[in-house]
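Engineer: If you read the protein sequences in the order shown, they are chains A and B.
Each residue of the first sequence is one higher than the one before, starting from 1 at the first, in our numbering.
Each residue of the second sequence is one higher than the one before, starting from 327 at the first, in our numbering.
Wrong hints could be hidden among the right ones.
[Said to hold, decoys possible] Taking CB as the label site, the calculated pair distances span:
(1) Gly44(A) <-> Lys638(B): 43 to 53 Å
(2) Met281(A) <-> Asn533(B): 35 to 45 Å
(3) Pro342(B) <-> Arg240(A): 46 to 56 Å
(4) Arg594(B) <-> Asp320(A): 33 to 43 Å
(5) Ile599(B) <-> Gly122(A): 31 to 41 Å
(6) Lys33(A) <-> Gln440(B): 52 to 62 Å
(7) Pro142(A) <-> Gly368(B): 47 to 57 Å
(8) Tyr20(A) <-> Gln440(B): 36 to 46 Å
(9) Ser68(A) <-> Gln531(B): 47 to 57 Å
(10) Lys33(A) <-> Gly368(B): 53 to 63 Å
[What the hints assert, rightly or not] In silico SDA-like links for lysine to any residue, alpha-carbon gap of 25 Å or less:
(11) Lys502(B) <-> Gln266(A)
(12) Lys111(A) <-> Gly602(B)
(13) Lys502(B) <-> Asp526(B)
(14) Lys411(B) <-> Asn336(B)
[Unchecked claim] So these bits of chain B aren't anywhere near chain A, every CB distance computed over 10 Å:
(15) Gly366
(16) Lys408
(17) Met414
(18) Pro445
(19) Ser450
(20) Glu464
(21) Tyr479
Just so you know, these hints were derived from the structure itself, not from any lab.
Nothing here was measured: the structure is a model prediction, and the numbers come from that model.
A virtual CB, placed ideally from N, CA and C, is assigned to each residue, including glycine.
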Amino acid sequence: MSALLEVSGLTTSFLTASGYLPAIEDVNFAIEKGETLGIVGESGCGKSVTSLSIMQLLSSNGKIQKGSILFEGKQLVGLKDTSMRKIRGNDIAMIFQEPMTSLNPVHKIGKQIGESLRIHRGLNKEQSKQKAVDLLKLVGIPRAEDIADEYPHRLSGGMRQRVMIAIAMACDPKLLIADEPTTALDVTIQAQILDLMRKLKAEREMSIMLITHDLGVVAEMCDRVVVMYAGKVVEQGDVRDIFRKPTHPYTIGLLSSIPRLEDRQQRLSSIPGNVPSIEVMPAGCRFASRCPHATQRCADDEPSLLSVTDNHQARCWLVDEKGVAV
Amino acid sequence: MSEALLQVRNLKKHFPIRKGVMRRIAGQVRAVDGVSFEVGAGETFGLVGESGCGKSTAGRSILRLIEPTAGQILFGGKDIRKLRKGQMRLMRREMQIVFQDPYASLNPRYTVRQILEEPMIIHSLFGSPTERQKRVAELLETVGLSASRMDRYPHEFSGGQRQRIGIARALAVDPKLIIADEPVSALDVSVQSQVLNLLDDLQKQLNLSYVFIAHDLSVVKHISDRIGVMYLGQIVELGESDQLYENPLHPYTQALLSAVPVPDPEVRRERIILQGDLPSPANPPKGCYFHPRCKDCMEVCRTQAPEWKEVKPGRFVGCHLYD
Ligand SMILES: Nc1ncnc2c1ncn2[C@@H]1O[C@H](COP(=O)(O)OP(=O)(O)OP(=O)(O)O)[C@@H](O)[C@H]1O
Ligand SMILES: Nc1ncnc2c1ncn2[C@@H]1O[C@H](COP(=O)(O)OP(=O)(O)OP(=O)(O)O)[C@@H](O)[C@H]1O
Ligand SMILES: [Mg+2]
Ligand SMILES: [Mg+2]
Numbered sequence: 001m002s003a004l005l006e007v008s009g010l011t012t013s014f015l016t017a018s019g020y021l022p023a024i025e026d027v028n029f030a031i032e033k034g035e036t037l038g039i040v041g042e043s044g045c046g047k048s049v050t051s052l053s054i055m056q057l058l059s060s061n062g063k064i065q066k067g068s069i070l071f072e073g074k075q076l077v078g079l080k081d082t083s084m085r086k087i088r089g090n091d092i093a094m095i096f097q098e099p100m101t102s103l104n105p106v107h108k109i110g111k112q113i114g115e116s117l118r119i120h121r122g123l124n125k126e127q128s129k130q131k132a133v134d135l136l137k138l139v140g141i142p143r144a145e146d147i148a149d150e151y152p153h154r155l156s157g158g159m160r161q162r163v164m165i166a167i168a169m170a171c172d173p174k175l176l177i178a179d180e181p182t183t184a185l186d187v188t189i190q191a192q193i194l195d196l197m198r199k200l201k202a203e204r205e206m207s208i209m210l211i212t213h214d215l216g217v218v219a220e221m222c223d224r225v226v227v228m229y230a231g232k233v234v235e236q237g238d239v240r241d242i243f244r245k246p247t248h249p250y251t252i253g254l255l256s257s258i259p260r261l262e263d264r265q266q267r268l269s270s271i272p273g274n275v276p277s278i279e280v281m282p283a284g285c286r287f288a289s290r291c292p293h294a295t296q297r298c299a300d301d302e303p304s305l306l307s308v309t310d311n312h313q314a315r316c317w318l319v320d321e322k323g324v325a326v
Numbered sequence: 327m328s329e330a331l332l333q334v335r336n337l338k339k340h341f342p343i344r345k346g347v348m349r350r351i352a353g354q355v356r357a358v359d360g361v362s363f364e365v366g367a368g369e370t371f372g373l374v375g376e377s378g379c380g381k382s383t384a385g386r387s388i389l390r391l392i393e394p395t396a397g398q399i400l401f402g403g404k405d406i407r408k409l410r411k412g413q414m415r416l417m418r419r420e421m422q423i424v425f426q427d428p429y430a431s432l433n434p435r436y437t438v439r440q441i442l443e444e445p446m447i448i449h450s451l452f453g454s455p456t457e458r459q460k461r462v463a464e465l466l467e468t469v470g471l472s473a474s475r476m477d478r479y480p481h482e483f484s485g486g487q488r489q490r491i492g493i494a495r496a497l498a499v500d501p502k503l504i505i506a507d508e509p510v511s512a513l514d515v516s517v518q519s520q521v522l523n524l525l526d527d528l529q530k531q532l533n534l535s536y537v538f539i540a541h542d543l544s545v546v547k548h549i550s551d552r553i554g555v556m557y558l559g560q561i562v563e564l565g566e567s568d569q570l571y572e573n574p575l576h577p578y579t580q581a582l583l584s585a586v587p588v589p590d591p592e593v594r595r596e597r598i599i600l601q602g603d604l605p606s607p608a609n610p611p612k613g614c615y616f617h618p619r620c621k622d623c624m625e626v627c628r629t630q631a632p633e634w635k636e637v638k639p640g641r642f643v644g645c646h647l648y649d
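Pulled out of the complex, with its shape left as it was, chain B reads as follows (with noise of 0.2 Å):
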């Protein structure tokens, strides 16, 4: 791969407890807490996991929607960590991100048009209204929608049809790349693969990069080119999607895989059960973050944590078995 588009090099992100009268700070929820991953032109890199994983909270790091406490974000080689407010206002017109809630994300007293309009002026770009109106109504065709409809309002849409303006809204300014984060998430499966599919013309398109978070492992592996497995706030495997689907070397993956009902009432996956709950990441585990959960814990597990390593091309994972 040549240079990637966007490389997160040990990215973190801190949030402080604060308790009492004197707001005085009390600990730190390590919510992301070094993730490194690289996603390249044109290619989805997946992140994947459990509620509370730090999924959401990497994704806005990443688009310093929110400030990271330490890290590496270089986007087109460039640290974007060190823009200060205007540049970093230029380069969001190159990373776009979509919301799980398409009602949510989307303000209710705008109609579509404006909604669409509105990255557009902040951005300075298409200057007059018709030159506006009409790309509204070129992006409203991308997504599959009647341009005829630009003038309603969100509610009068369905929930797929809301996450396909959310979608549009992202395109609007024509990225790079686009964050998705739990895009289908709240979608009926029908509807959800309409959605996953637009995504992916998408991408052939316009040559999107796209780093697609959810928790749902199928819709990952069906979309993604290469997944990262997250759990308390670290990648604890990286690869190539199929790849890790068939051989998972990090014991967290292969339960969270064999943990996936199977859609075939004669198939029966052998199942790794899971014991006891997500620490919590204001507290994690002294040593691996996963051995308390771990059903190959050794004695080292206990007390060190295991280096990130690359065990073939391409292939990392963080745990102790692979020393």
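One chain only, chain A, in its complex shape (with noise of 0.2 Å):
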């Protein structure tokens, strides 16, 4: 079975003061159908680069260099934009970090959500509305046919982030790319998100690609994780084996720094020093200069990655000499 979604190669760059700049490079990864992959990683690692390549969102200085982007075996990289935005908001849907910057304050929800009925499915204005309303009951919004007629500024986060849900899902997309679809919002209503993200993909069938920076999020929706670092995929594999047995040292030490409840007061152990900006990227790992494990190969050549078991890879020249890292 060929997987709904398979990215190789992806090179993406954008157009700065010295020229075009990679912000993420070589990026490979699938999803299955049904399933929910994560991609993790700190700030600037290219979360959302990748996810708006995905989508060709790239702002206007931003163009993919190289790489394949197959979406049900159909090539997305290269696709007139009148093709894309068939598959834009239908076959993919896309929810953002902050909803209110892309709700568009001066439509009614319930046309905003019914917007893309309109242009996908051809429903005229009276079926829009209606189906509106029904997809604010599925994402568990009270008062459904009030809210329709209220504009965003009147809803709170968690509710806005439920709408940004709705219009996401009236297509009944086959894969959902959530970008911190809750980092804005409190624990409580996170968990309420999450929820709700959880019994959607089961009802629905649908394939989750999930950005975010927190582990505890990821461990408890994710079936499969990618883990990157300053533009690349760094490690990769089941969940489980993530949190179990990671390998590159970087998501090493990103699971030994979190603190955690269940934990009596200890020092945390911590990454010293500063992710590479992307104008001087080192030539060897780029994880190198604060890695732990560091040797003189890791500073000349960059791993590529390499594999640990069968679904399980790393990039670290670890893997290489021992057959796992230490």
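Starting from the two chains in their separate frames, assemble the complex, guided by the hints.
Structural biologist: Have a look at this one:
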């Protein structure tokens, strides 16, 4: 069975004062039908650029320089804008971190939800309005009829994110890309939204690409995980493997630097230093300067994604030498 | 505990809501509505709660960066609400604040040296320029930055480094208490742990007291000796941090703790999903403020505000379940 989405060798660059610089490089991953894939990594590592590349929604100074994005076997890179528009919002839908900036403040909620139904499904005004109300009920909004007639600013953050999910669900997408869908929300509201996403996924056999920097959210929601660092995939595998047998020293560092509720107070381990900026990427492994195991080889040559097991890979020379990292 | 360094008693801050052309007062936002807690020397008190519950307002009121509406704030036994402007300025030397956004809180036109010298000049400390420079270098070393970078501007530093500069600025005048308002919320986890460890080290070295404000329960639990859980302008539960986590008494604390995702795919915590949204602090519910969302709501909760009680030594809760 081939994957629903297959990203290979994806390199996306932005025009800066020093020419085109790659924000993500040689990114590879696949999402199977009905699967939730988590993409984790620190601010600026290229999570949003990856999702915007898939949606072909890069700002005008950005472009996909290399690679392929296959959705149900169809190549999205280089696809005409009109064809891409048929896929966007229909087969692939996206929700963003800040719901307010992605809702139009001058249109009523019902109209905004109905819009894609009119475009993609050819529903008339009456039909799309009714469907919008149904969708609001689906995402658990009380008084759905009234809320459909409200403007976005009258809703709370959690309700707005529900509306965004309703919009994304309108055309029954096969893939939902959720870019930090709960980061701007409080934990109790986050719990409601994650619950809703899980329920919708199960009901509709949808695949989800979930971008987050919260490892708790990953553990709870994802089947598989891609860990990114400075524009590259550094590790990927099943969620259990990533949490039980993290292999890349960055993943190991990340997992041990989070404070955990159940732990008694003890000193946190931390990763020294900072992420390199895209202007001055080191030649070898991008994590080498912060890595406790770095050798000369790491400084000189960049490792490729090496297999730890069949479906677990890490971009680290330690895998090469010992089979598994220390 | 001997007499606490900071004692906050029934602190209130209400913001007037003005309406119409006449700007008449049409109501009050009860941002902080009766908050009491103590912080001992060398202790960390964590203030946790969801967005808008009044954490920042409480922190700022304690320093009188905004004027409280009511209540007592005793610092070293002195009621600082009775201090005049000049006396208050002296007092500020002992109580400093670190803000969430490390960028917005540093003047972009000042070099790091100027940023750190400013509070020394205000408080007439380290009189000569050479003494001040020495102190700046010392402070940067303390927070783990190289003194050779003191003549650079904030934008030349990363987020975590800027937060270190913010902490160094707070330390410049040798305070006894630091109110840290979401000091690591804007930082990535790997950098967040660096800053948390730094705060921990500084506390041990300098016997500092912290009021640590944050919405992230794991972070607050990690750093705090004791924790107060806020909801709609009030502290609903207060206790020693491990105990609070192991045996939360207030239904809101229980829901809040259960909502935190566990970073372990093989652990499933039973979750209490709270219904509805946070009510507006301009129009809080009658009775217990939490009752419309409470899974254990009883008749009495709808009409009567619960009393703030010490149910076990050092453990306080405001909930009718413990009447
Ligand atoms: N429009 C743009 N122009 C120039 N550079 C950009 C642009 N968008 C993103 N970048 C750069 O690409 C890199 C990756 O950014 P991206 O937004 O994907 O990060 P992210 O992983 O989503 O981070 P965060 O967790 O902060 O959202 C960053 O270095 C960023 O500065
Ligand atoms: N200057 C002000 N005038 C009127 N209302 C205010 C003012 N400052 C804060 N508020 C209100 O007081 C309440 C508490 O705000 P505060 O900023 O203290 O919350 P917080 O707990 O720090 O939230 P967050 O986690 O989002 O920082 C909110 O309802 C807020 O809208
Ligand atoms: Mg992003
Ligand atoms: Mg605040």
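Engineer: Let me make sure I understand: some of the numbered hints might not hold for this structure. Which ones are they, in numerical order?
Structural biologist: Those not satisfied: there are none.
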